[in-house]
Amino acid sequence: MTEGAIELELRGITKQYPGVLANDAISMTVRSGEIHAIVGENGAGKSTLMSILFGLVAPDDGEILVRGERVQFKSALDAIASGLGMVHQAFQLFPTMTVADNVVYGHEPRRGWFIDRASSVRQVGDLAKSYGLGIDPSARIEHLRVGALQRVEILKALYRDARVLILDEPTAVLTPQERDGLFEVLRRLRADGRTILFITHKLNEVMAISDRVTVLRRGRVVHEVATSDTSPAELSIAMTGRSVDTSRRRAEHAVGASLLEVSHLRVDDADGIRRVDDVSLTVHEGEIVGVAGVTGSGQAELIEAIMGLRPVTDGTITLQGEDVVHLDLRGRRDAGLAYVPEDRHRVGSAALASTSQNLFMAYQWQRRFQRRGWLNRRAVERHARELIDTYDIKVAGPDQKVAELSGGNLQKVVVARELAHDAPVLIAEQPTRGVDVGASEFIHGQLVAHRDAGRGVLLVSAELWEILALSTTIFVMFDGRLVAQLDPHETDDVEIGLYMTGANEQQRVHT
Amino acid sequence: MFDRLFDSALLLSVVRATIPILLAAMGGLICERAGVFQISLEGTMLVGAFTAVSMSYVSGNAYVGVLCGMAAGVATSSLLAVGHVSRKGDPIVIGIAINLLAVGLTGFLLPQFFDLRGVFRDPAIVGLSTYALPGLSRIPVIGSALFQLTLPGYCAFLLVPLIWVLLFRTPVGLRLRGVGENAPAAQTRGVPVTTYQYAAVLISGALAGLAGAQLALGNVVQFSENMSAGRGWIAVVAVLLGQAHPLGVLAAAMLFGLAEGLGFRLQGNGLAVQITDALPWVVTLIALFIARKRFIRLLDLTGRAA
Numbered sequence: 001m002t003e004g005a006i007e008l009e010l011r012g013i014t015k016q017y018p019g020v021l022a023n024d025a026i027s028m029t030v031r032s033g034e035i036h037a038i039v040g041e042n043g044a045g046k047s048t049l050m051s052i053l054f055g056l057v058a059p060d061d062g063e064i065l066v067r068g069e070r071v072q073f074k075s076a077l078d079a080i081a082s083g084l085g086m087v088h089q090a091f092q093l094f095p096t097m098t099v100a101d102n103v104v105y106g107h108e109p110r111r112g113w114f115i116d117r118a119s120s121v122r123q124v125g126d127l128a129k130s131y132g133l134g135i136d137p138s139a140r141i142e143h144l145r146v147g148a149l150q151r152v153e154i155l156k157a158l159y160r161d162a163r164v165l166i167l168d169e170p171t172a173v174l175t176p177q178e179r180d181g182l183f184e185v186l187r188r189l190r191a192d193g194r195t196i197l198f199i200t201h202k203l204n205e206v207m208a209i210s211d212r213v214t215v216l217r218r219g220r221v222v223h224e225v226a227t228s229d230t231s232p233a234e235l236s237i238a239m240t241g242r243s244v245d246t247s248r249r250r251a252e253h254a255v256g257a258s259l260l261e262v263s264h265l266r267v268d269d270a271d272g273i274r275r276v277d278d279v280s281l282t283v284h285e286g287e288i289v290g291v292a293g294v295t296g297s298g299q300a301e302l303i304e305a306i307m308g309l310r311p312v313t314d315g316t317i318t319l320q321g322e323d324v325v326h327l328d329l330r331g332r333r334d335a336g337l338a339y340v341p342e343d344r345h346r347v348g349s350a351a352l353a354s355t356s357q358n359l360f361m362a363y364q365w366q367r368r369f370q371r372r373g374w375l376n377r378r379a380v381e382r383h384a385r386e387l388i389d390t391y392d393i394k395v396a397g398p399d400q401k402v403a404e405l406s407g408g409n410l411q412k413v414v415v416a417r418e419l420a421h422d423a424p425v426l427i428a429e430q431p432t433r434g435v436d437v438g439a440s441e442f443i444h445g446q447l448v449a450h451r452d453a454g455r456g457v458l459l460v461s462a463e464l465w466e467i468l469a470l471s472t473t474i475f476v477m478f479d480g481r482l483v484a485q486l487d488p489h490e491t492d493d494v495e496i497g498l499y500m501t502g503a504n505e506q507q508r509v510h511t
Numbered sequence: 001m002f003d004r005l006f007d008s009a010l011l012l013s014v015v016r017a018t019i020p021i022l023l024a025a026m027g028g029l030i031c032e033r034a035g036v037f038q039i040s041l042e043g044t045m046l047v048g049a050f051t052a053v054s055m056s057y058v059s060g061n062a063y064v065g066v067l068c069g070m071a072a073g074v075a076t077s078s079l080l081a082v083g084h085v086s087r088k089g090d091p092i093v094i095g096i097a098i099n100l101l102a103v104g105l106t107g108f109l110l111p112q113f114f115d116l117r118g119v120f121r122d123p124a125i126v127g128l129s130t131y132a133l134p135g136l137s138r139i140p141v142i143g144s145a146l147f148q149l150t151l152p153g154y155c156a157f158l159l160v161p162l163i164w165v166l167l168f169r170t171p172v173g174l175r176l177r178g179v180g181e182n183a184p185a186a187q188t189r190g191v192p193v194t195t196y197q198y199a200a201v202l203i204s205g206a207l208a209g210l211a212g213a214q215l216a217l218g219n220v221v222q223f224s225e226n227m228s229a230g231r232g233w234i235a236v237v238a239v240l241l242g243q244a245h246p247l248g249v250l251a252a253a254m255l256f257g258l259a260e261g262l263g264f265r266l267q268g269n270g271l272a273v274q275i276t277d278a279l280p281w282v283v284t285l286i287a288l289f290i291a292r293k294r295f296i297r298l299l300d301l302t303g304r305a306a
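Residue numbers (this note's numbering), protein chains in the order written: chain B, 1 to 511; chain A, 1 to 306.
By construction, these hints were calculated from the structure, which means they are not laboratory data.
Glycine is no exception: its CB is placed at the ideal position from the N, C-alpha and C atoms.
Listed next, the in silico SDA-like pairs over lysine to any residue satisfying Cα-Cα at most 20 Å (straight line):
#	chain 1	residue 1	chain 2	residue 2
1	B	Lys74	A	Gly190
2	B	Lys129	B	Gly147
3	B	Lys202	B	Ser47
4	B	Lys74	A	Pro192
5	B	Lys129	B	Leu149
6	B	Lys202	B	Arg187
7	B	Lys74	A	Val193
8	B	Lys74	A	Thr195
9	B	Lys394	B	Glu441
10	B	Lys394	B	Ser354
11	B	Lys202	B	Gly43
12	B	Lys74	A	Arg189
13	B	Lys74	A	Thr194
14	B	Lys74	A	Ala183
15	B	Lys202	B	Arg433
16	B	Lys74	B	Arg11
17	B	Lys202	B	Pro232
18	B	Lys394	B	Leu352
19	B	Lys202	B	Asp168
20	B	Lys129	B	Gly193
21	B	Lys202	B	Ser228
For each label pair, taking beta carbons as the anchor points, the in silico distance ranges come out as:
#	chain 1	residue 1	chain 2	residue 2	range
22	B	Asn204	A	Ser78	55 to 63 Å
23	B	Asp271	A	Ala229	38 to 46 Å
24	A	Ala75	B	Asp161	38 to 46 Å
All chains should be modelled from the sequences, with the hints used to inform the complete structure.
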């Protein structure tokens, strides 16, 4: 490895989409054997740039040089042939096939007319071992956990002998332990002389793993610096163009009467499998209760049971002293629950309906939206305009379809709708997933304001920093149970991570 | 009663009923694996039957008829290939259109070509001969049923292991399955998705055409309007019930063959023809009910969220 040799160079890459200049004359240099982070808010142009680099999108202008040679990628195949490999955010795998078949797919070792299975299993196994990937080549993809799937994607690139590995938000789906494992793998790859492009918006990861950082904002390179010469604060200002308050906003606060009480809740799914096992928790006035956990640990089922979307097997749910288990979704909303669901596209909004319709959906029976039994369109529109204003939602107007909104703005629509009615308890499920820093800061502010107004929030998130920054009490959910109750002042992401993966277990938590 | 119900004659009629369903279902299986929902087997089969009979009549050679039937099947299925694979049309709408077109077209061409309606039967139509496998065909009970078949008949049963090997042991099969499971992922590995899907659809056309030829030159020697009589639909169900696995589809096709053969036999025993004709469909309904979860998953796989 020659220190400092240029592996990859972009010159003036420009891509115009209707109404958006996604990449505006981007030039950057990536050196051989470095881990190069590319950071930026959602919509800063990271994804477009990577799609261009991997041959998925053709740039309008500009050129790409790989090891000094000008290349023109007509498809991902050309990029792969030039020694690039990409690990997408959404894995590109074949679920019913084995790891080995997935890795060799398209370039299978052969024996006569047949696939040489023994050789492919051996090759893939050797490759996995030499980089410490810990993957069984004979395992079926559908049986693997998310972290393992990501390592299969890395194996795919290595099998094609990728010299440059592009990872798109690789840690979004990982536990802290899996993330550390990934970083270890990346360091080994670097030691092997390979180059890594690491796309993220998590600055702590940038600081932890990268050698150099390029910051994108609104389609432009605004900063390029050696990681050792910068700080998270500097990068954050470069990303957003302003200073972002990432300090913890856990103002000390008087906790009032109990609002939502869940007691010994059990939820079995349609197949009789216990998804929520003996969960008890209480949300008080002026409190944000955070539930941390790896996705799929039963949080979704817990929330659905509280909202009335899923039958309760056993246990009680009371809201301000009133038993709500027998109520349906609408009854529970009337009783004082508001809900920001995890999936804003399919559950939280109706994509083809207008912004104004989405902003009053689920509250359409309220008298203020009616006139003689008919919808009062004027009231609906006035309501929408107020919320668009208050929440600074960037839309062309109340009639714009929400399908056309960006992720952050759509999430603001959902949050605005749910908070507009001052419901005593808000249930927020992954409220800032895939939302850019600005919008996510705004939404956090709204949750805190809700709390400060003496109401309660039940926050479910896979993002530990979010749980740590907002919660007054933290529960950790693992395998359907609450395995720990922690004070945010006295814990950190390492400890929570251990509980999340079942490595640690307190005694059963009851409140 | 059972000893009178189950004998070598019944086995023969079961095998004969199974063959066309199996041929068409093997085509459907390949499409399913390639991620194309193929429901035009019924119409393709009918076109194949009509063409095979016509060309056998004209040429005086059954195999000219078979080959022309397969070619007609390929031509018919190219509508699905162009309409769905290239132009991204809905495969169900296109499939139903092909099925309706086939009934209308063959019904229209029959009087145009041969100046008759309903049934076309003529000594000049040469049927397919059967070939006894030396030795094996002398095995009591099963010998004459299993080892005295037409060439398409042997072909149907040989396809089961052949397709199994193709799918699960060769690079082409691996790629085909990948195309069906996750087309974008296959594309980024340099596998030409469109080519694979075209090949799968056209092969299914050839096999459905062959199924039609067997039906009209092997099982009987005549063409009658709408003579496929739902066998193509049953083949679709066999693909789903057999979970698009060659052995599963073989078992499913034989189940439907058994229902048809039994129906035929019970009819001989004096049961009302309406009831015996309904037997394969009753089995179909039960099969669909049993396999409904899998059915939904497969529809999902081919992009038809249920």
